[in-house]
Structure formats: C-alpha cells, structure tokens
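Student: Now for the letters of each chain:
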Amino acid sequence: MRRFSLSRFLAILTKEFIQMLRDRTTFAMMIGIPVMQLLLFGYAINTDPHHLPTRAEINDDGPLARAIIAGMETSDYFRFLGPVSGEREAEAALSSGEASFVIVIPPGFERDVIRGARPEILIAADASDPTAVGSAVGALSGIVERAIAQTLTGPLAVAEAAPGPFSVVVHRKYNPERRTSLNIVPGLLAIILAMTMTAITSVAIVREVERGTMETLISTPARPLEVMMGKILPYVLVGYIETVLFLIAAMTLFSVPFTGDLAAFLAGFNIYIVINLAIGFMVSTVARTQMQAMQISFFTILPTILLSGFIFPFAGMPGWAQAIGSVLPATHFLRIVRKVMLKFGDFAAIRQDLAALAVIAVIVTILSLLRYRRTLD
Amino acid sequence: MSGAAGTEPATPRAEDGPAISVRGLTKRFGTRVAVDHVDMDVPKGVIYGFLGPNGSGKTTTIRMMCGLLTPDEGGGRTLGHDIRTESDRIKEKIGYMPQRFSLYGDLTVRENLRFMARMYRVRNVREVVERTMAEHGLDRFADQLADTLSGGWKQRLSLAACLLHAPRLLLLDEPTAGVDPKARVDFWEEIRHQGRRGITSLVSTHYMDEAIQCDYIAYIFRGQLLITGKAHEIPRQVGLHTWWVTGPDLETLEKRLRALPGIEQVVRFGNRLHVSGSDAARLDAVAREEAAHGTHTWEQRETGLEDVFIYLMSRNGSEDADGLPRGPAPAGGTG
Chain A
-2 MRRFSLSRFL AILTKEFIQM LRDRTTFAMM IGIPVMQLLL FGYAINTDPH HLPTRAEIND
58 DGPLARAIIA GMETSDYFRF LGPVSGEREA EAALSSGEAS FVIVIPPGFE RDVIRGARPE
118 ILIAADASDP TAVGSAVGAL SGIVERAIAQ TLTGPLAVAE AAPGPFSVVV HRKYNPERRT
178 SLNIVPGLLA IILAMTMTAI TSVAIVREVE RGTMETLIST PARPLEVMMG KILPYVLVGY
238 IETVLFLIAA MTLFSVPFTG DLAAFLAGFN IYIVINLAIG FMVSTVARTQ MQAMQISFFT
298 ILPTILLSGF IFPFAGMPGW AQAIGSVLPA THFLRIVRKV MLKFGDFAAI RQDLAALAVI
358 AVIVTILSLL RYRRTLD
Chain B
14 MSGAAGTEPA TPRAEDGPAI SVRGLTKRFG TRVAVDHVDM DVPKGVIYGF LGPNGSGKTT
74 TIRMMCGLLT PDEGGGRTLG HDIRTESDRI KEKIGYMPQR FSLYGDLTVR ENLRFMARMY
134 RVRNVREVVE RTMAEHGLDR FADQLADTLS GGWKQRLSLA ACLLHAPRLL LLDEPTAGVD
194 PKARVDFWEE IRHQGRRGIT SLVSTHYMDE AIQCDYIAYI FRGQLLITGK AHEIPRQVGL
254 HTWWVTGPDL ETLEKRLRAL PGIEQVVRFG NRLHVSGSDA ARLDAVAREE AAHGTHTWEQ
314 RETGLEDVFI YLMSRNGSED ADGLPRGPAP AGGTG
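As you go down the protein sequences, you meet chains A and B in turn.
Residue numbering for the first sequence follows the numbering used here, beginning at -2 and increasing consecutively.
Residue numbering for the second sequence follows the numbering used here, beginning at 14 and increasing consecutively.
Partner residues are not named here, just some residues of chain A that face chain B (Cβ under 10 Å, in silico):
1. S4
2. R5
3. Q16
4. D20
5. I215
6. S216
7. A219
8. R220
Pair ranges (Cβ atoms, derived):
9. B:K243 x A:R0: 40 to 46 Å
10. A:V356 x B:G211: 54 to 60 Å
11. A:T22 x B:D152: 30 to 36 Å
12. B:A147 x A:L364: 43 to 49 Å
13. B:R139 x A:L36: 44 to 50 Å
14. B:F42 x A:A320: 39 to 45 Å
15. A:I308 x B:T98: 51 to 57 Å
16. A:R0 x B:G211: 27 to 33 Å
17. A:L364 x B:D152: 43 to 49 Å
18. B:A147 x A:M288: 37 to 43 Å
19. B:R139 x A:F341: 51 to 57 Å
20. B:R139 x A:A320: 56 to 62 Å
It should be emphasised that the hints constitute simulated quantities derived from the structure, not laboratory data.
A virtual CB, placed ideally from N, CA and C, is assigned to each residue, including glycine.
From just these sequences and the hints, can you work out the full model?
Tutor: Here you go:
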C-alpha cells in the first residue's frame, strides 16, 4: 500500500462533517441521547429512596420512644402517616402498600432499656423491593442508638454501655449522603459513549453501502486507512463534545465532583472512544442497512448496561457474569470515571483498568481492520 | 463461449496495446456463475458497447476490469496494469461510473465534484470543478443538493465526476438506464465528444438500440460473451439475412411465417415485422413467394444489430451445448 494522502483524508473528513451537520436525525441523536439519558438516569433512578411511608404502633409513650420516632422522621427516610393499633391493622397497611414500614414499640420499652433487658423494636418492612427498604433499615439502628444516647442521661446512662441489639456501624465514604446520582451519573458516561459512538459510526458507514456511495469511494484510489480515518475522526470529535456537555451537566445539575487527575481521565477516555468507534466499524461490516446497524448497536449495549457494574454492583455478580463483564470495555471505563471523579483517582489508581482498555483497543482495532479489507471484495 | 473473441487479431503489448484486454474472466457468486470465461479486447480510442439484458454479468465484468472485484479465474490488463494486483494504478487512471447514482445526495453538486476531485488528487480543485460544471451545464445547479436533481442531471453529474481527473478510459455501467430520451441523446453526444479527444469508453447498456452508437460491440448473455467485434461487421459475422414486412394484420402473418421453412426468426418492431434466417437462398425463396400474394410489402434489408442480438439470445437460450441450467428464452426472442 502506498503513501497515506493527507489531502484525500481531509476531503473525506470535510465531507463527513458536512453530512453530519445536514443529517438532523443523527445530529439530534448525538445531542439528544446523552441529555435524555442523563436526566432520566440522574433524576429518575434512585436506589436509596427517602420519605418512605411508615406507620407506628407505639405502646410506650415515654421520652425514649418519642425520641426514636422523632429521630426517624428527621432522618428523611421515614414519613409517618399515623398510628396503627394491633397486628391486623399493621398487616393491612403493609399489604395494601399504604405503608412500607410498620414500627412496633413494645409496652414498657423504656423501663426494659434502663434495666438492660434489651427490648426489641419490631420493624415490619415491605421487602418486596429490597433496594427500596434496605438503606432505611440500615439507617434505623443508628437512629435508635442516638435516641438512646440523647434521652438517657445521668444515672440512666448505664444502659448505653450495654450492647444494644442495634449495634450496626455504617461508615459511608465518598458519598456520605448516599446519593444514587453520584454512582449513576459518572457510570452513565460509559454507557452514553458506547451507545452513541457505536451507533453513529456504524450508521454512517452502512449509509455509504446502502446508498451505493461506497462503490464510488472504493473505485477511487483512496486507501482503506484514509477512508477509515476520515470517516471516524469526526465522530471522535462528537465524543469529545458529548463528554464536555455531559461533564458540565453532571457537575452543575447533579453536583458530581471531579476530584481526580484530568490527564488520567483523558487517557482512559481516548482509548475508550477508539474502542467504541472500532466496534461501530465492525457492526457496519455485518449490517446491510442503516436500520440493522442501529439495531445491532443497541443490542450490543444491553450486556454493557447489565454487566458492567453500571446498575448492579460488579462484586455482587456471579463469577460467569463477572467474567463477561471484565471483557466489556465499559466495565473498565466506568471504574476509571468513578475513581477519577469521586475517589481522587490518578494514573496509579486506574492503572489496571487502563491496561485492560488498551488490550481491548488493540484487539478490536485489529479485528475491524481485518473485517474492512474483506468488505472491499 | 470464447470463439467470438478470436475474430479480432492479436494486438501488440505495452502502451500501444488495447485499453482493456482480459482472458478467461470468470466470477462465481455461490453456485451461480455470474461471468463465464469472458475474453475481451477494447482497442484504444473507441466507443465499445457492452450489451446484454439485465443480470447477464455486465456489472460484474466491469467491476473486475476496474479491479474492484477479484476474478475467480482468468485475468488481464486495463491500461497495461494487471487487474488482479495493480488495481490502485488502474483506479487512478480510469473514470468509473457505477450503475446506480453513487454520489452523495446530501452534498451539493459543487461539494460532490470537489470531493471527487480531491479523491483523485486533482491539481487546482476549485478551478477544475468550476470549469467542469460549466462544460456540462451543471453550473446553475452548483449549490443544489444532488438528491434534488432529475435522473438526467444526476447522470450528467456522475459523468462529470468521472472526468475530473482527465482519465484515458471511461467505464460506464448502464449510464442511460432510467434516463429520459433527450438525456440519452445528449449523453451519447458527450461520449462521442470524449472519443474525439482520444478517450476510450466502455459503455454497458441493456438498450439494444444504443448499439448503433458504438464502434465495437460485445454481447453478453447469462455470463457468456456471444459475440464481439466491430459494430458494422457483426451482422455479417453472424450471417443473418433479413426482410422487412409491412401491411395489415401482422399478428396473423407473424404466426404463419414462423411455421415456414427457412424462416428462423420473426420479430415485430412497431408496425413492421423483421423476418430473418441464416440460409439466404431459402429465406429469399419464401420471401418472394409471400410477396407475390400482394397483401404485404416485402423488402430485403441489411440485418440490424437488434435482429442479431435477438437471434443470438434465443439461439443460446433454448438449445445450449454446455449443459448449464437454462431458463425459458427471454421475451422478444422466437421459440
């Protein structure tokens, strides 16, 4: 193969830009998908819900019980709807979905606490949605302990020393307020880029095949590398624009901090972009129509969303799922973004994921180049 | 069917050699043989018509000549370069116009031409593009999106795009398909104009009446070349003799004539019948006898290219020697 022609490469680049700007659908997709997803995921998905409807059966109206209820209310996790009386009413409140929790404070509660008899507070929770009630339950033990500490002072403080039944200590780093958006929003960048980069690239190439312009392009003396680079580079720029837009929105709308090293972030980001463009290129060699290219692109997104640790914690997945997850580029990029944005990450911190991305990039690029040569015939 | 190609004398090699010379060119798609051992020589500076019905292998042959497709068997040279190994060199020197409109519909006429000029690394792109647009009357559409042009103007734009880099050889695949008659006439005028400047054109078409526009002709049918040669020599080469018949009730006459000995082909062209046969003496005898009835006018005419093609097609469609599966003879042929 002879020398790379810069003028031909620039001609393809210019042409691609003009087409990109004239194609309203693609343009809307490039800007619309990131914004829509950010707003949907950032605002709508919340695995740590607050103000859960709660009813209480209070059989001991002493200061300690009142302090516990007050503490629960100020925690924002619970919203009290009024008392219930008796087990049947409590059951009805839960099964109808009217309440997510029913708290039962037994008679003589305060006296038993002082005596050290470790009375039990019964919390009946609607655990049909475990994520919904999990954190509220987790917060409860702290609330009760604090209420005891604040209420029983002086000679009564002996009871504090006794190990209560609620001795769970939860220490929440990086996200003390436990905002889901801090977890979801940085991860979303990995998903948005995978989705738009793959789809836009594959559609842009398949469009040439579908409209017959690829035949013209191949019949000119243009080299495969010129065509590939000229077609792909505009979309690298799109990736940059999307990311800048995204970071601005994440930092202003969702107050996600950017605590780590920008250079480390950019290193991972650039490799990730290359990978997704190469995947888009591969999709274009399989798809016959623009519609197919779109469908295949979105099909490849599904495992990325489910297995990359974007929605479900990676460590909690079974071994086979983790194995699949670790070959997905999004898994590694997602970790890089979270580490750099939230956890003061630098190159040392993201070393492993960066290496994994680099390996994936090399493999995917080689595969797509091999595929491209085949499509010439 | 390679016999026809042998009628042309062997041409000398190198720069003085033919624009295109291929031997045994074969391409299969799965089990289907799209192009079956095609031999063809296109001399320099001529207009070479590549005729045949749709799906007969014209596009595949042209693509192999450009180096866009690798032949399964055979090979050859285009402008002296090997079509298997030197497709890069070939692409730089030829102008190829695909069958479908294959420029960018979402770019303007000027943008398309500038893009193509840059792909061929033409010097002074702006100047060349403006001049080419003026020459082809495209200047008034310069800023119009290519998709909004009519079929005829799209075809002109495609041709202009092929000519930007001043190629010595044009390979035009069905350039007149789906184009109105006026645009077809203009197109052939343009090709002849290019021919006067020494540019060789290989033009494929399924319009048999366009054969008269060409200096040389190759006729392909089901992947096989049935005949090649100089356009005016082809009827003699086939040895077909023809009478034209005019008069009332041609349908009844047509049926009756088909059954007569010495008549191998009866084709209706508008308000006349073309009656042909390869045995001149027997045909003439029948013709004179029929003419004696006085109901119809019979006149002996030179066999046209269209008569020849129909004759070749029906002969090769019904009884074929090589045992390949054949469908029914196409419409227009005689049984």
